[in-house]
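S.K.: Below, each chain spelled out in residue letters.
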Amino acid sequence: MGNAMDVDENEWDQINAKNWRGLGLTDPIKSVEDKWLLLPAFLKVKGLVKQHIDSFNYFVDVDIKNIVKANNKVTSDVDPRFWLKYTDINVGFPDRNEMSSIDKKVTPNECRLRDITYAAPIMVTIQYTRGRSIVQRNVNIGRLPIMLRSSKCVLTGRCESDLARMIECPLDPGGYFVVKGTEKVILVQEQLSKNRIIVETDSVKGIVQASCTSSTHGGLKSKTYVATKKGKIYLRHNCVHEDIPIAIALKALGIQSDKEILLLTAGNTEAYKSAFSASLEEAAKLSVFTRHQALEYIGSRVKINRRVMGPRRPAWEEALEALATIVLAHVPVNGLDFRSKAIFVATMTRRVLMAMDDEKMVDDRDYVGNKRLELAGQLLALLFEDLFKTYNTNLKSAIDKVLKKPSRTSEFDAFNTMQFQGDHLTSGFVRAISTGNWSLKRFKMERAGVTHVLSRLSFISALGMMTRISSQFEKTRKVSGPRALQPSQWGVLCPSDTPEGEACGLVKNLALMTHITTDVDEQPIICLAFMLGVEDISLATGTEIYGPHTFVVNVNGTIIGLTRYPTRFVAQFRKLRRARRMSEFVSVYINNHHHAVHIASDGGRICRPMIIVENGRPKVTSEHIALLKKGTVTFDDFLRKGLVEYLDVNEENDTYIALYESDIVPTTTHLEIEPFTLLGAVAGLIPYPHHNQSPRNTYQCAMGKQAIGVIAYNQLNRIDTLLYLLVYPQQPMVKTKTIELIGYDRLPAGQNATVAVMSFSGYDIEDALILNKASLDRGYGRCQVLRKNATLIRKYPNGTFDRLADAPIDENGQVAKKYDIIQMDGLAGVGERVDPGDIYINKQSPTNATDNTFTGQAASVPYKNTPMTYKSPVAGNIDKVMISDTENDQTLIKVLIRQTRRPELGDKFSSRHGQKGVCGLIVNQEDMPFNDSGICPDTIMNPHGFPSRMTVGKMIELLAGKAGVLSGNLQYGTAFGGSKVEDMSSILMENGFSYAGKDMLTSGITGEPLEAYVFFGPIYYQKLKHMVMDKMHARARGPRATLTRQPTEGRSREGGLRLGEMERDCLIGYGATQLLLERLMISSDKFEVNACEECGLMGYNGWCTYCKSSKKMAQLTIPYAAKLLFQELMAMNVVPRLVLDDA
Amino acid sequence: MTSRNAIDPRRLVGVHAERVTNISSTDYPGHYPDEDNSWNLEKFQKNLKVKVQRLSQRSIEFDLVGVDASIANAFRRILLAEVPTVVVEHVYVWDNTSVIQDEVLAHRIGLVPLNIDPALVEMRDATNQPTDRNTVVFKLQVACERNPHAPKNSKNPAELYINHEVLSSHLVWEPAGEQEDVFAANPPAPTNPNIVLAKLRPGQEVEMELHAVKGVGKDHAKYSAVATASYRLLPHIVIKKPIPPHLADKFQKCFAPGVINVHPLTKEVSVDEHNIRKDTVTREVLRHPEFTDMVELSRIRDHFLFSIESEGAYAPERLLPEAIQIMRDKIANLRKAAEALLHADDAAGDGDVQMASV
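If you read the sequences in order, they're chains A and B. UniProt numbering applies: residue 1 is where the first sequence begins, and numbers increase by one. UniProt numbering applies: residue 1 is where the second sequence begins, and numbers increase by one.
One chain only, chain A, in its complex shape (with noise of 0.2 Å):
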């Protein structure tokens, strides 16, 4: 009964619950249709890439300046009256750089081919003293790599018969560089963010730390910590010997009391001050009462390291210059009021003295929110920096050795000089990019790998590596925090894509929807708190600062001020930023723990757009999006309209999210765009990954950057080192939205094979798959290898030359099979077939082109030929001769060679579900099983495949690929949603087969009906790149390396096969000894030497030069290897005797 009255009540409840929304129970609900529009609205204000090229614009329309806004003047050390002062620095459009050009446009296309930097002059206006004028010019003082797409890139904004023009791919994201000809990406780097304090623990050590990385825009960096030492609080940095009690410390910082030490550190909570007590005793034991005496004790430990030696200083004022400007060097002094940064050292102290008390408190290193994303843009910035602090240093010295000159013919004119300065920047630029090392002494930076190839194997391969983050943990560390999956990760880090092995977890890659922030000024924002009502934090007490009721207000980390009423004042401020009065990527977010307000507008903060809820409706309405269906607005009309915001992963903590729009409740304030965005792009491909073990969505995650298909619509116009395309790419039956929205169905890499999934003839064991033989005639999986063959006709220093000459002809008038493809200049014909060991480039050299006392004619030297000859063992056709020069005026030719491939056995496939395979066997369309619409399949795969991996979604794809045909429509596979299982079960059903999708198969063989049913329909299958005739490798005899006349390594080398220690300790513990003579000696490097039994020397031709005489040779067999070993031994005066034992 009472059961009975519960329920009923509940009912009641729920009845009631559903009237809240202001909505009648009959109403019908209405929702949001469509709201994944926003994501195609998003990206195409914000294109795939939009990190990398919003923080290069970033770079070169803003820190550019302040860069040289920072150092904008060179003054002379011997003329005071000399100054050169720069106004202003613009970087231009990418051009030639040729004096001789008539068209200075330039395009990547062409850079690309023709192995040049996409570059664009760097201009600045300088005023500068001329005798007693002042003069203002401007000057190029180098050349900048331009990122592709970014605001100078000549692509930007480009409509798609444009682009096709410019031979450039509408489809390509860009965000890369082209550097001598190769694409160039600077990966995302990863980090932890700067000026925010960190607690840590150590529990074995029982160390209680926080610590503080310093960075201010002067690219200064330190790092501060105040931590636990036997139960006392110290502040350590690296400008100080020891470290220094934190009440001493404190005490330096102009906090002279005990008392208020004790109340800005550990407030008037009781567990806090006794556990303070230590630490203040100690400044007394150390007998440290006054600023002075702080100072002095300061001052006494701090590391002194200047260039110029000045006349020494007193220790006070040493102490005070560090604090003022190395520690904690973000929080600003202003004339030596120490106040904000004593308030700074105290919180840290607080925030040691909380997790002493709670361990709770400690901060989590690995949480996005604690994390900052480190992007081209800055790290071009940091590298301009120095290079044009060294550019100043540079033209300093030479304007100094200019004016040092008593006279001059002329008047002296900086411009002149700046004229000659070299090529600084530009050789920096280009030499930082192409080789990936950021090494900036200045900034203590010292950085290898950060750029990389951009990998042009397949369009979602590029697309992958544009998304990737690197980590800065080493790899080599057996910790699983870094690499573990963090829930704060959630839609802005995918939780897929990330490769296996030894980077597992360190590399990750971005979700659909993210944005990384750039640098914002936080001047405005900190006037905007004090007007909503922050009071200054100089003017504020411990006492006040930890009342109950007070929560501190931190902007990017440095504390400004307190509020009482933080709900009220975050409120406020988010209406404000949702009027846009200041920039959408400004977080802020209260921290209950620390009783803090966080204001956060600093660069690298990952965020994500999402739909604001009010009163438990969302704002933005089906209107809204019928609007955006017209193409009336844009996402950021949404954005200006407060109906979407931008929220980091700290403010995200402050907000209750609906997954979908029934989920609303009441206190909800934010709604999801669309869930399956927490994908990345290249996990985004999976149909139905929602349906598959989250290990398989991973390996398909590493294999879709392998698969064979469209790389981008100039392909063919490209010259790639390596490129592989399919021939007959297809757009897959059973698509995701994801797949829609980065272009995949126009670039796509791979095509819809029928699958039969069944056993057939033992050969499809261990993943291998059967294919149809007839298939493979009518170019299934057919695919196309281009490879770049280049060359340089040099110009030599002693003015002789290269050059290419036409095919020879022996004394018969014939002209020999090798050269049979070469034309009158010297080039292979374009389409003809080149065999292995044919010549394609006859390019002879002059015979002494490294002699630099040559002095005759050029034209008269002899020539030796240095052809360039086709080593695959596969014959190919020339696709493209390509003549051209490079930037230093050298001829470059370039040969692309194509072989077009049709799969065979060995050659690997993958479905989109991380299930591999390679060909096992190829059938005879005559004997493959047939259904009852005569339907023969492509492939066969056996079904041990799927009970262990668990990819249902496979099977769904099957399944709603089998409806798509029968339907004659595409379906969807989409995350967490896409068609249902039940909708494509009744499509099947109603063209007559069976719902399940097992149709019943005739055998090709016997004619019988098989005696189960197979699941049989498309599925989506890649050609991976590993093919067989790239790897397969025997030899029985070879050549071999001349020092040790052992065969050589390697199948390039045509090497042998190496019996490595393992196997030779599997022969020595069976006793195979004349196998292990035979592989070891005999088959390798068998040498005969003549020793000598006298004095166990090798002699040769039976003579030992050692005992001059010929009496007691013997020959023995020994490796070559062990001959050279003794000679390398008797060269160090190690002498090897051989002792002779019954020779």
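The set of hints was computed from the structure by calculation and includes no laboratory data. Any given hint could be a false lead.
Computed list of chain A residues with no C-beta within reach of chain B, every gap over 10 Å [unchecked claim]:
id : residue
1  : V74
2  : A398
3  : G428
4  : Q472
5  : R782
6  : Y995
Short derived list, chain A residues pointing at chain B, Cβ under 10 Å [stated by the list, open to error]:
id : residue
7  : S407
8  : G831
9  : G992
As the structure is a prediction and not an experimental result, all values here were calculated from the model. Yeah, the Cβ is synthetic: ideal placement off N, Cα and C, and Gly gets one too.
Assemble the complex: chain A is given as a structure, and chain B must be docked to it using the hints.
M.R.: Okay, now just chain B, sitting in the frame of chain A:
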């Protein structure tokens, strides 16, 4: 359920929810223990039925009844793999500036079915020398240029350019030797003139010489004489218990339209014997628990519903006789070889017999 001429249960392949039973005939088809099944022509003739159900320009459907699966399958396999046709095999490229690479274009041309009667062309012999008896030559010369009369603002390439596509109709037969007379009745050309082989833009040109030779489908799918040839077994439905009237419509929906008749008034359910071939055996009826044990699905083992689609030179009705002829030739060949083996004892030899290739 109405008793009609009951089918010998041994002729049925059982179709169950999750498996197919009784798929094989006996080891010696048509023979059962303790019965006299000795082969005689009359009985065979009586049982053997071939009836054309549908014949169109490009396809034929017929019933083949009374033979074992191995025989029907042999016809199917021969149709796919061994009936010869004439298609382009050698392509000599003089010029190709289209976006399609030479070998891809050649591959596409190879897949174009030609209307050359294979009977008029000989197989190439071991020397592989082209003669007018074994090779048919085509020329392909297409150049694209701008259409001077194109309407303004047109974006349609068909209006803007002349020859914007290389079509199969651009293949021009070049008669050689006696071919003019031999092919006089039916000049060689692609069966379908509208196959797009490549797309061109102004300034691009394709010039090729194509040599068509005779071959069989087992060498390359392009030689296959059929688009496809396949068969299925005639479905057989037995209603064992009367279907409750309220379930009659649902029962009807479990089968292809027309297979099950429901009496409009009595809701009595019966199988339409004439339309039963329309059923696709979806096994839908076995899925619903309410129809358990009410119906038995099966297929008739020796009743083949054959379907042949032709895209090449053969008229669809010519294909089966052609296949039978090839099979007979093979059998004759085998017989000859077997007989040679029989007499091999007399002649001194190693016992190997040379089989002439078909």
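S.K.: State for each hint whether it applies.
M.R.: Structure-based check of all given hints:
{"no.": "1", "hint": "V74", "result": "holds, 56 Å"}
{"no.": "2", "hint": "A398", "result": "holds, 54 Å"}
{"no.": "3", "hint": "G428", "result": "holds, 41 Å"}
{"no.": "4", "hint": "Q472", "result": "holds, 46 Å"}
{"no.": "5", "hint": "R782", "result": "violated, 8 Å"}
{"no.": "6", "hint": "Y995", "result": "violated, 7 Å"}
{"no.": "7", "hint": "S407", "result": "violated, 67 Å"}
{"no.": "8", "hint": "G831", "result": "holds, 6 Å"}
{"no.": "9", "hint": "G992", "result": "holds, 4 Å"}
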